[in-house]
Amino acid sequence: MEMKFKINLRQKLKAESLVLLALLYAFGMQSMLANKMDSKKKFENNLQFTVTGVVNDDNRTPLPGASVVVKGTTTGTVTDFDGKYSIEVGTDGILVFSYLGYKTVEVAVNGNTNIDATLPLDATQLDDVVVVGYGTQKKSEVTSSISQIDGEDFQTSTASNAAMALQGRASGVEFVNSGTPGSTPSIRIRGVGTINNSQPLIVLDGVPVDSNVLAQLASSEIQSVEILKDAASGAIYGTRAANGVVLITTNNARFNEKTTVRLNASTGFNSVIKKYPVTNAEQLYELKRERYTMDGLPIDPNSPWADEYYNQTRTDWQDEMFRDGLFQDYNMNISGGSDKSTINANIFYRDEEGTQINTYLKRLGISMRGTQKISDRFRIEENIRITNNHTLLTQDDGATGTSQTIYSSYRYMPAIPVKYEDGSYGSGQASTQLGDMWNPVYKAKEEWRHRYRFNTLVSLKADYDITDALTLTARASYQKSTSKFEGFQNITPNQSRTINQPILRINTDETNVALGELFTSYTKSSEKHNIGAVLGISGQLDKGSYMNMSGEGFASVDKNQLVMDNASVIRGNGNDYLATGLASAFVRGTYAYSNKYYLSAIFRADGSSRFADGNRWGYFPSISGGWRISNENFMKDNPTISNMKLNVGWGQLGNQNVSAFQYLNTYNKDIRYVLNDTNLTGTRLATFANPDITWETTSALNILLELGLFKNKLNLDVAYFDRLTSDMLIPLPGLNTAGLVAIPDSNIGEMRNSGFEIEPSYSGQVGDLSFELGVNATIVKNEVTKLYGSSKFISGGAQTRTYEGEPISSFYGWKTDGIYQNQTEIDNDANISLDPRKADITPGDVRFVDTNGDNIVDEQDRVHIGDANPSLLLGFHADLNYKGFDFSAVFSGAFGHELYDAMMMRGIDPTQSANMDAVAYQRWTGEGTSNKYPRMSTIRANDNYRVSELGLKSGNYLRMKDVVLGYTIPKTLTEQIGMSNLKFYISGRNLLTFTKFDGVDPEESGTSNLTRGVIFNNYPQSKSVVLGANITF
Amino acid sequence: MKKYTILLLSIIMTISCDDILEQELVGKRTDQDYWTTEADMVDALAGAYGQWATRALGMHDLFFDNQGDDHWRAGDHAEDEEIETFNTNPSNYKLRDTYRYKYEVISSANGILINGPKVKELGAISEASYNSIMGQAYFLRAYAYYRLYLVHGQVPIITEENVLTNEYNVPKCESPEILSDFILSDLENAVALLPMHNVPGSVGKGAAWAVMTSIYMHRAEDYGNAEFLNKAIAAGQNVIDNYPLADDYLSLFREGNQYLKENLFIMMNDLDWINQRIMSKHRGPRPWGMYGFQEPLDDLVNEFEDGDVRKSVTIISDGEFALQGSLGLVEHTPDLTNTGHSYFKYMDWTESGTFDHGLNIPFLRAADTYLLVAEAQIRLNGAGAGDDLINAVRLRTGLGDVSGADIDALIHETRVELAGENFRYQNLLRWHKAGIYDLEEFLSRPEKMIPSDVGRKVWTAPKNFYQPLYQTDIDNSDGVLVQNPEWIN
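Protein chains in written order, with my numbering: chain A, 1 to 1033; chain B, 1 to 489.
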């Protein structure tokens, strides 16, 4: 059978991978032969006989994977899923039972054929098992930087999904959140690794999934999250691992586990973190009038600013649009197993009202995992997930324009009432000066936008133990995600832009992902040597399509009658997504000697259909080693240092997350026209070709020192990392002389992220109080080391630029030096002494700095004015237990960066037809009145609101992300009412924020890596308070 | 157990690497299979025409005409104020799209000019169709450059050669004259290839002659420049000889106008298929379903002679009524606008009373060429030399003939005939250069603007002959593209 495997592989894989496979195979065969020769040798010894038994922990729970070694030999085995083992040993031999996290036990055989061992927990051991991709590894043997977060840690978080609950719990991991119900946070691991998509690969129970799946997971489902932060660990996922890998393991049942039912129910409120300060109608009226008087102009008699009606506040739009949103969250877990099969099921439901009126998220999900033991050597595992996320929003998802309700919630005119006395909605239609906005309450109440996101994942895994040491695993999985958007806008005659016909929009979207994998795992341990190996192949195929329709003209706008059939005009478009395939082969070998020296090596070959033949295959190696210095004789009984391990690793990773088929030019057929009375859909050249395009490569060095002091009560991990992304895909400068044709990216850039992670933690006990305190600090320096080889840059919109030699997304604009207080200052100002616009500049205007010394303020004077990349990320967590009480708090913060408040820059500009920021009222009105906020004016000659230091603010913040106080009813009481556990808790999220940033939210950030730190009109995050109960039967 | 393993293995192995890596391009086409049929060429041509309806000419180009004296910006866009007060900041985004979309038309036209011959070599297209499509490609490229020539003076010239060498970062041409020469050579090619009259929605020779006439008139910078005035007359005469004016002025702007020979180049639109709002919806009162930009000034309204039917077609004023389908007659009331007037040329309603933003919009009308030739005649031969052509235009206006019309009469006629059609400011610039007006004084007159702009509209030469180039284009060019004279950010 092994031969067949080999031949099949040869036939199927490309030539590039043949050599590799031969090597892999030789490695595997050698291991197996060694194993067989071992048995043969033993067989020749007549004194040997077979001992069997079960290894249990203190609670009589079997320990699978425990090591059983004959003392003084290389003979050893590991226990199976039921903790059973079988080993050949001499009659006077001694068996050594060990398992990470447990004390090692030695038992003399003395002729017994059945020996059961009980291993007590070893409190001083920090060891555990870590999921590393295609298997697990003992934590003590890991030689790379992997953050592990126990699912227990955030079971009671009120975050609306599991991904958000991770924030602040691991070093090197940064989250950028949106407050939109049902949204997924952006995750950046060890800095922004590329100007392109920098979302890490998400792997759920071994299956790579789209990152929106993060928003579909309930916190209670999660057993553990491992984050592979360096190349030494990530290389096993090759061309998708450059931005890190997040491995999520959901809960599962064990064989012979008593059936338990766990219930968690919680309810609470969401509300906005802060109200954004804007002017009231009286202030706005004054400011708008002042801009004429400051210019010496008569007040425009046709404008609202000549009408006293607009000098009276009628509405606080934020009060109207935001509310305390109620939410409820229920989870049920049923888990149990016999000696042949296990079943674990989660049912979860969340009903969350958004902080904006008429918005909600409803999530219903079912996940089931089961394992069947077909024989002692053959197991099958199934994993099925079905989730449905249903959101109702008042604006299209992710939309940020000024016509969106988030913007109008802040900016709609305060003099306009929600409704007039006749019951019709307040409107700004009377004058264009009232803004091209709709009454946000009208939009929220009279329109709707539903999105239904339905995800299914089916995964089957089969394990066959070829020998005790060698297991063959096959996995097949299929994911289908469908998304349906339904939006309705009624006839709207009285808002700023009118709608003549009711419009129904229905957009559907589906993606399908099929995955097939086959790999073998080999583990062999003896007293001194631990060998592990994985080798396998994998293939993945992604396909999908979309269809958008809109219908206009409905006789009835009754919700039941709003179907496309009832529309008088239907328009639509649709297409297939470009299908992509990924074919891979991979190998990992680990070796540990005497619990002192560790070595790990990974090699992965990935072929991606996104690139042209010849550029498809990439090879990603990694190697890492560890040295447990504390196990050396000279350190062995050190009273202070209980654990000290140094790890060094290097490897290469890829990022293929770029548009497919950029190696071809493409024509799109999407321009409608009529020639000769015939309806035509015209074509246009949509993209130029780059035949050489290929993946991005990240080379990463990782040095990690693990230190345990005072019997591991105080632990300190310090890591240094240096990630260099090369062949980074750079869009050539967008030249409008190419029209709308997209210029493909080229593999010419380089970027470097280097820094430190420092993670001290302390756990201790004082009487009945046990506690654990942990800090994680990450210092990252980001630098784009190569772009085009000259002074060129990538523009991220008006506010940011990415330059060679600078961090990604620097703010770029003019320096400012206060406000001109009087005409003499203007007359004497060297900045503008030769500026042709000097005559138009008046006191109260912003003094921009002539940085190049030509006495003219022009575009040549723009410089870097700030950096959006935090230089320090800080997390802090505290867990305390006292008798039945437990308390935990998690803080997260970012420091050393700036934000550009584009929202405020618009809000202090009186030529914008919208309500203004409250700070606009602190404007310059005469000499000495303000040196920051310019005068009110209708004239834009000096362009006071251009991108400058005026909009720059410190982004430093520290926020309490989660805080939980719980009380567990004593077991003696709960057992009397048939419960094994009953806990009540009160929990809060985002309750405290320490920041000087005066905008909506310092955690908000730009929409892409290239516009990072630009604050504009995103859905704000909320804070919440929750009351909940955990019940276990 | 082996059978299970083999079963699993065979499941896995059915997905072979080759199958996985050989994915087809779906839903799009590429050069490997495009440019093989006549339909490919027709689709590409439709793609080039279709951009005019979006933003190539769209509302952004029209906003540069706010600098004239026919209307003021209205609306609520701060960047329009910069433009109207002659202070366009080079970062003003109105400069971006109209520039970019014109280059998109140029890109599409270049694609046809490069690849059309391949289709012909395959024998997949008739000679007549081929010539018509190639001629239209030359015209569309010329017209895009013509608008860029008027707005910016000098821009980079992207030809087939740039496309083939993938070189788009080129300096702007050395002078407006070089750009206009390039346009004229494209127009000569278009005239040679195009039929006299083409199918509805397509241009014939007349459109190319009309643009030629306009360019010669722009080149005739001195009042009596015989060389260019004569060239304008020669080119324009072809239009006059072959393209009669419509009998009914209103019909030029209403449904069915694509069949009128006077409409030399028209942007097709309709409610059901093309359904573009950008051109047709931006002018007119918001409560009537439009966006409220560009309100005519009294100065324009007063220009109309009493009894001129063009007044009621062009402008609706307070106290006048619009027939809005089933809503019947609706009065234009003072609360709708600041000036008391709205452009009516592109306003129509469906029978059900909703605003019809689906009208076809004429870009070039033969009447424009008639008046340009008349102007050239007057400037060469004195008052009265353009009477016949002026009277041809006045035939449908309800007004009597003129006689001995001088340049002022011609300017009056041009202003009212073409009001709201994006010609006024460009004509004023021509007339300034020809010494007929001093725009510095003319455009500062209080009646030429809304009251709150008085003192703020300061026109200066040569700065305001052209708009600046968009700052991002200059930045991205890494020093290759240089800003127009006297514009700084």
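Hints are computed from structural coordinates only; laboratory data are not their basis. C-beta: ideal position from N, C-alpha, C; glycine also. You may find that some hints are simply not true.
Computed cross-link-like contacts, DMTMM-like style, restricted to lysine to aspartate or glutamate with a CA-CA straight-line distance of at most 25 Å [what the hints assert, rightly or not]:
(1) B:K120 with B:D31
(2) A:K786 with B:E167
(3) B:K463 with A:D840
(4) A:K461 with A:D150
(5) A:K484 with A:D565
(6) A:K815 with B:E303
(7) B:K118 with A:D150
(8) B:K28 with A:E632
(9) B:K463 with B:D181
(10) A:K543 with B:D19
(11) B:K457 with A:E859
Derived CB-CB ranges, DEER-like [to be verified]:
(12) B:S175 with A:Q312: 57 to 67 Å
(13) A:Y452 with B:G27: 21 to 31 Å
(14) B:G27 with A:D854: 45 to 55 Å
Contradicted hints - numbers only: Result: hints 6, 7, 8 break, sorted rising.
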